[in-house]
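**Q** What follows is the residue order along each chain.
Protein chains: 2
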Amino acid sequence: MPGDSVATRRRILDAAIAEFARHGIAGARVDRIAAASGSNKALIYKYFGNKDQLFDAVFDTIVVQTMNDVPIDADDLPGYAVRLWDWYRSRPELLRLNQWDQLERGGLGTQAEVARRASSDKRAEIGAGQQRGAVDAALPAATVLDLILSICRTDLETPDPATQRTVIETAVRRIVTPRTR
Amino acid sequence: MPGDSVATRRRILDAAIAEFARHGIAGARVDRIAAASGSNKALIYKYFGNKDQLFDAVFDTIVVQTMNDVPIDADDLPGYAVRLWDWYRSRPELLRLNQWDQLERGGLGTQAEVARRASSDKRAEIGAGQQRGAVDAALPAATVLDLILSICRTDLETPDPATQRTVIETAVRRIVTPRTR
Numbered sequence: 011m012p013g014d015s016v017a018t019r020r021r022i023l024d025a026a027i028a029e030f031a032r033h034g035i036a037g038a039r040v041d042r043i044a045a046a047s048g049s050n051k052a053l054i055y056k057y058f059g060n061k062d063q064l065f066d067a068v069f070d071t072i073v074v075q076t077m078n079d080v081p082i083d084a085d086d087l088p089g090y091a092v093r094l095w096d097w098y099r100s101r102p103e104l105l106r107l108n109q110w111d112q113l114e115r116g117g118l119g120t121q122a123e124v125a126r127r128a129s130s131d132k133r134a135e136i137g138a139g140q141q142r143g144a145v146d147a148a149l150p151a152a153t154v155l156d157l158i159l160s161i162c163r164t165d166l167e168t169p170d171p172a173t174q175r176t177v178i179e180t181a182v183r184r185i186v187t188p189r190t191r
Numbered sequence: 011m012p013g014d015s016v017a018t019r020r021r022i023l024d025a026a027i028a029e030f031a032r033h034g035i036a037g038a039r040v041d042r043i044a045a046a047s048g049s050n051k052a053l054i055y056k057y058f059g060n061k062d063q064l065f066d067a068v069f070d071t072i073v074v075q076t077m078n079d080v081p082i083d084a085d086d087l088p089g090y091a092v093r094l095w096d097w098y099r100s101r102p103e104l105l106r107l108n109q110w111d112q113l114e115r116g117g118l119g120t121q122a123e124v125a126r127r128a129s130s131d132k133r134a135e136i137g138a139g140q141q142r143g144a145v146d147a148a149l150p151a152a153t154v155l156d157l158i159l160s161i162c163r164t165d166l167e168t169p170d171p172a173t174q175r176t177v178i179e180t181a182v183r184r185i186v187t188p189r190t191r
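Protein chains in written order, with the working numbering: chain X, 11 to 191; chain V, 11 to 191.
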């Protein structure tokens, strides 16, 4: 039944997120994903293709989740950064998936179509913010996004969550606030 | 002879840097390091201990190299950041070693003694800069260092090296410049 198929895909993706986060792409094993999702390798290959394509599907899935749960807001990039920071802290496996992607694929967007489009949308949103004067326009919009994402993925050496949020908020605010002349 | 032993250690470390950068800790193979350095596994174990301890030695080595070639300067953190950015671009394997360290060990300083001390020295230098008013004191010194390192390791989506340096310099300057009241 279609309902079953959707649920099975979801279970496979959840298991794949955990497996790739722990072991990376080269180290991930499809038979472990099959076992953890109560599925089988043939079904995984049928639904998602090979292991690399399964990683693409995982990457697209987490990008969509992140966009839905933490939408970008060029009128309040410091607030966006704090929400993204909190989101990553609540889902540390997403940080690991990003790092595996960088190490094993050379960075976001080499393969995953949805991820590439999401980056492009976020850049456009920041660019529009620069045009209407909500975001300082000294730096290219794409690099402002890169800086914010990098800051939100920093492992801050302070144990206090309130201090961590202040650091993230302050750093991003200082970078993006339009200069007065 | 001692001279031979120093040269052999150096060759092993260079081969280990390349092997760990490519494959990570779990994926690295000591026999490949032996072959690439014209040495043998027994000698590697004798000099460095097991594979994890060899990674420690690699990490300590690159930290010392980085400190020597790019000394921190709290009176000019934006300039320091640009020099560090250039350094990482000229040695991309160092960025990969940092990422493997984060993925497989949970981040800098869990093992390597020299690396831990180097971080502590850099934090102290930034803290002293805050005390004498050269660095804004709103954020804890340790987190200022974390932000700078993170920014210098960002994969910026702009191909032009001059623009990249401007982005790094501007971002760090805005974060660390003392606010006027």
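Simulated from the structure, these hints should not be mistaken for laboratory data. Note that beta-carbon positions come from the ideal geometry of N, C-alpha and C, so glycine has one too. Each hint should be verified, as a subset may be incorrect.
Stated by the list, open to error - Covered stretches of chain X (chain V as the covering partner; in silico rule of three or more C-beta atoms under 8 Å from a C-beta of chain V):
| id | region |
| --- | --- |
| 1 | 43–49 |
| 2 | 99–111 |
| 3 | 144–157 |
| 4 | 162–172 |
**Q** Each hint should be assessed against the structure and marked as holding or not.
**A** Results for each hint:
1. 43–49: violated (count 0)
2. 99–111: It holds: at least three residues are needed, and the region 99–111 of chain X offers 3 whose Cβ sits within less than 8 Å of chain V.
3. 144–157: holds (count 8)
4. 162–172: holds (count 6)
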